[in-house]
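Student: Given next are the chains, with one letter for each unit.
Protein chains: 2
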Amino acid sequence: MDMAKAKAPRRPRAETPKGFRDYFGADVTERKEMLDRIATVYHRYGFDPLETSAVETVEALGKFLPDVDRPNEGVFAWQEEPGADKPGDWLALRYDLTAPLARVAAQFRNDLPNPYRRFAMGPVWRNEKPGPGRFRQFYQCDADTVGAPSVAADAEICAMLSDALEEVGIPRGDYIVRINNRKVLNGVLETMGVSDLGQAADVLRTIDKFDKVGEEGVRQLLGKGRLDASGAYIDGVGLAPEQGEPVLLFLTSKGADNTATLTNLRAAVGDSADGLAGVDELDQIVTLLAAQGYGPDRIVIDPSVVRGLGYYTGPVFEAELTFEILDEKGRPRQFGSVAGGGRYDDLVKRFTGQAVPATGVSIGVDRLLAALRAKGRIGAEATHGPVVVTVMDRDRMADYMAMVGELRAAGIRAEVYLGNPKNFGNQLKYADKRGAPVAVIQGEDEAQRGVVQIKDLILGAKIAAQATHEEWKEQPAQTEVPRAELVAAVRRILEG
Amino acid sequence: MDMAKAKAPRRPRAETPKGFRDYFGADVTERKEMLDRIATVYHRYGFDPLETSAVETVEALGKFLPDVDRPNEGVFAWQEEPGADKPGDWLALRYDLTAPLARVAAQFRNDLPNPYRRFAMGPVWRNEKPGPGRFRQFYQCDADTVGAPSVAADAEICAMLSDALEEVGIPRGDYIVRINNRKVLNGVLETMGVSDLGQAADVLRTIDKFDKVGEEGVRQLLGKGRLDASGAYIDGVGLAPEQGEPVLLFLTSKGADNTATLTNLRAAVGDSADGLAGVDELDQIVTLLAAQGYGPDRIVIDPSVVRGLGYYTGPVFEAELTFEILDEKGRPRQFGSVAGGGRYDDLVKRFTGQAVPATGVSIGVDRLLAALRAKGRIGAEATHGPVVVTVMDRDRMADYMAMVGELRAAGIRAEVYLGNPKNFGNQLKYADKRGAPVAVIQGEDEAQRGVVQIKDLILGAKIAAQATHEEWKEQPAQTEVPRAELVAAVRRILEG
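These protein sequences, in sequence, are chains W and E.
For the first sequence, position 57 (counting from the first letter as 1) is numbered 57 according to the working numbering, and the numbering increases by one without interruption.
To convert, count from 1 in the second sequence and add 496; that's the working numbering.
Derived from the structure by calculation, the hints contain no laboratory data.
Backbone N, C-alpha and C define an ideal beta-carbon position, used for all residues, glycine too.
Just so you know, not all the hints are guaranteed correct.
[Claimed, not checked] To spell it out: a stretch of chain W is covered by chain E in this simulated footprint if at least three of its residues, at any positions, have a beta carbon under 8 Å from a beta carbon of chain E; those stretches are:
no.	segment
1	45 to 51
2	77 to 89
3	117 to 125
4	143 to 149
5	348 to 355
6	430 to 438
[Claimed, not checked] One-sided excerpt, in silico: chain E residues whose CB lies under 8 Å from chain W:
no.	residue
7	Q788
8	R909
9	R930
I would like the entire structure built from these sequences, with the hints used as guidance.
Tutor: Structure follows, in structure tokens:
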């Protein structure tokens with residue numbers, strides 16, 4: 001054994017694991033404030049918070065059953081110590097908030113109210129290759145109703161989503177909740193005579209490209225195929241031209257108002273009972289919403305919403321922000337989707353064998369936060385740091401702590417400088433780094449005279465940026481006040 | 497292959513993994529409210545929130561380096577996919593909030609303010625055998641100051657802890673923060689002539705038993721040994737009787753006030769420079785605290801605090817709740833410790849080689865919550881559920897949703913019943929399960945007359961419990977009001 005190496009072990013790397021991140025200060029408080037606001041809306045709607053354990057059995061997560069010896073595709077998984085007579089369970093970090101809800105709805109079905117409205121906010125983990133803007137731990141914010149077969153539950157989710165967006169600071173007119181229905185699409189497929197599951201899946205994949213390739217592109221892809229922008233030829237589904245038309249009718253059926261859209265949709269589904277039921281559901285949803293005052297300026301039927309149509313079983317919804325922001329190259333673009341959801345009726349069946357209807361929505365926490373920042377709804381005003389009480393005389397720390405204690409007792413965020421006080425410049429650099437609005441200074445001379453110096457650092461920074469050297473030297477941003485007036489003087493500056 | 501089995505795969509078990517738990521409704525909101533209150537205090541003291549990733553490299557966690565092929569002793573760990581030219585990193589869930597702080601303080605040392613005050617609240621994970629009341633995921637709530645060598649930082653932590661306890665609802669007089677100092681103990685050991693590290697560790701283990709075995713017990717354990725309550729003989733450290741006396745002087749040196757305690761401690765450490773420095777630090781801490789108005793009714797020197805003395809390097813503190821509660825057998829007992837902390841100066845050194853002074857405190861989230869519940873500070877008033885609007889006529893769902901919309905717009909938590917409305921009894925059972933204070937009822941008859949029935953469920957429950965059948969039949973808990981007065985009538989009941 002190499003003794004030299006044993007004596008000086010390599011130091012561990014101080015690094016956030018790849019694909020993970022740490023949140024500091026305002027990153028934490030801004031997210032928290034947004035989620036708190038959303039929670040007040042969910043609470044008002046009768047939804048209860050649920051916080052499941054971060055860890056689930058791989059078996060309960062389902063999608064990611066360990067096949068052979070690489071169970072951790074997609075999830076972070078590990079095997080428990082084996083028991084005396086059985087192998088250890090595979091455990092994993094949850095990859096979303098829906099799978100744990102399914103487990104809880106099955107496990108506690110005799111204790112939970114039925115229907116069960118719950119919301120959940122918290123991190124989820126994905127074992128994926130990290131990329132720019134793609135992290136392996138991120139927040140989700142979900143609300144779901146389990147056990148409610150009626151489309152009133154879907155309408156309620158849409159209304160609640162609308163309220164939540166307004167509550168966090170997206171004004172009416174800057175967002176739209178669009179609704180579509182998987183059943184309508186099923187009816188369209190039926191009318192087209194597409195009953196083969198594989199062919200239906202091909203059609204679904206094609207309409208998913210509607211946003212990108214438009215009406216003519218979808219028409220080509222449903223037929224023989226299409227020459228891609230890159231020059232590659234994409235094979236089509238191979239339908240005859242007339243056979244594909246109902247899908248195009250469906251995708252482009254948005255009319256001037258909901259009534260017109262519903263009429264167009266009825267035409268697209270033909271005689272299909274499933275399709276007509278889907279159109280009726282959309283009709284009911286907008287009627288229920290209108291009764292509560294949610295008109296098409298907030299929530300509207302839009303058959304061009306195709307995201308999620310493959311996954312959900314009934315109504316689907318998507319919230320889009322309609323204002324423009326500048327992208328990284330300075331070009332204006334629509335902000336786009338910040339939330340989506342829909343009805344999925346096989347949630348609990350995996351566990352119990354009984355079908356349980358469910359519907360819900362998931363808000364993209366990071367995207368909505370980015371939107372609020374882009375709109376200047378949060379983080380806009382420089383939320384300044386604490387008042388910093390500097391230390392001129394190490395032996396009089398008790399005096400400085402008394403000052404900071406008085407400021408805090410008055411509800412003012414304040415700190416005493418706790419580093420090495422020798423170099424006063426370091427203390428002012430510290431105050432600057434903390435974003436301190438005010439520094440409090442009391443040397444021996446001031447202490448004897450019973451006064452403190454109050455330095456307005458915000459004004460000081462302005463003067464430093466604009467003033468001449470002479471003006472700067474007069475230091476108008478620094479005033480002397482009697483010690484007893486410390487709190488009042490600081491408050492005057494903070495209240496601007 | 498057995499085709500029958502393949503056709504009917506075993507259903508997954510719907511179970512929270514062993515040792516984990518799910519939090520429902522009030523469990524979530526009560527904890528959140530408590531932590532939010534603590535955060536306002538930490539914020540006022542200039543502490544910034546930090547939320548590190550739940551996952552760390554096993555290397556950064558340190559204590560739990562993978563030895564051979566069982567790296568997951570104590571932590572939940574797994575190995576990353578190997579790269580092209582290197583083995584995969586071992587990752588693990590954090591087991592506390594201090595190890596991630598150490599990593600962050602090293603990694604971001606050039607960007608963070610120095611000193612860095614931070615607080616962190618969140619779950620941590622321990623791979624331990626679960627037991628009663630012992631979970632494998634639980635919350636921690638920490639505040640630490642990194643980079644501040646002065647005991648002013650320790651004093652500040654103690655004051656902040658005191659404020660935090662009062663903020664969450666522990667009144668002054670119901671708690672005490674006790675302070676001790678590892679340096680004083682070091683001085684005591686020096687005076688005793690205990691310089692051998694193994695023997696010092698033996699003495700530390702012995703004084704850890706002071707709470708349990710008392711003064712005479714410690715005396716025996718320092719000497720030849722002691723006959724246990726179970727009849728087993730516990731070997732002693734083997735010190736001569738006089739040699740052990742300074743430790744007993746130390747443990748029992750609490751005087752009538754801090755001044756008396758400090759005098760006793762000076763006697764216990766003899767000529768030891770380290771010991772005298774430790775006593776001076778305690779002196780400074782109480783002086784600094786007194787300057788801010790924190791007297792010995794809140795924070796007091798108490799050398800009998802031995803918990804953590806082995807781990808920390810300077811001052812240690814512990815917050816105890818001093819009121820009695822009834823244990824599971826109905827016997828009164830002191831509630832005991834809810835928070836602890838101290839100074840640990842080698843936090844960042846593992847990563848950078850440079851010693852960085854640090855001090856901090858950790859609040860036992862579950863214990864403090866239990867204390868608040870025991871004192872009736874939270875969860876006492878039956879925080880009732882939402883108003884439930886029942887569905888008498890499925891076709892008039894739009895009317896019921898309009899009612900619930902009006903109630904919510906007025907800030908009243910309200911739900912429409914979303915289950916199958918056929919059986920009205922089920923709707924009332926649902927309202928009961930939800931803890932609804934009010935049920936709203938409107939059948940066809942009421943709709944035609946433009947009225948609604950308002951059922952006061954709280955009053956109804958009281959009457960049902962106390963009234964005769966005749967009284968009950970009169971249903972005074974149910975009143976009819978004009979539809980336009982729905983919100984006002986519900987509010988009257990809610991405001992009692």
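Student: Broken hints, numbered, in rising order?
Tutor: none
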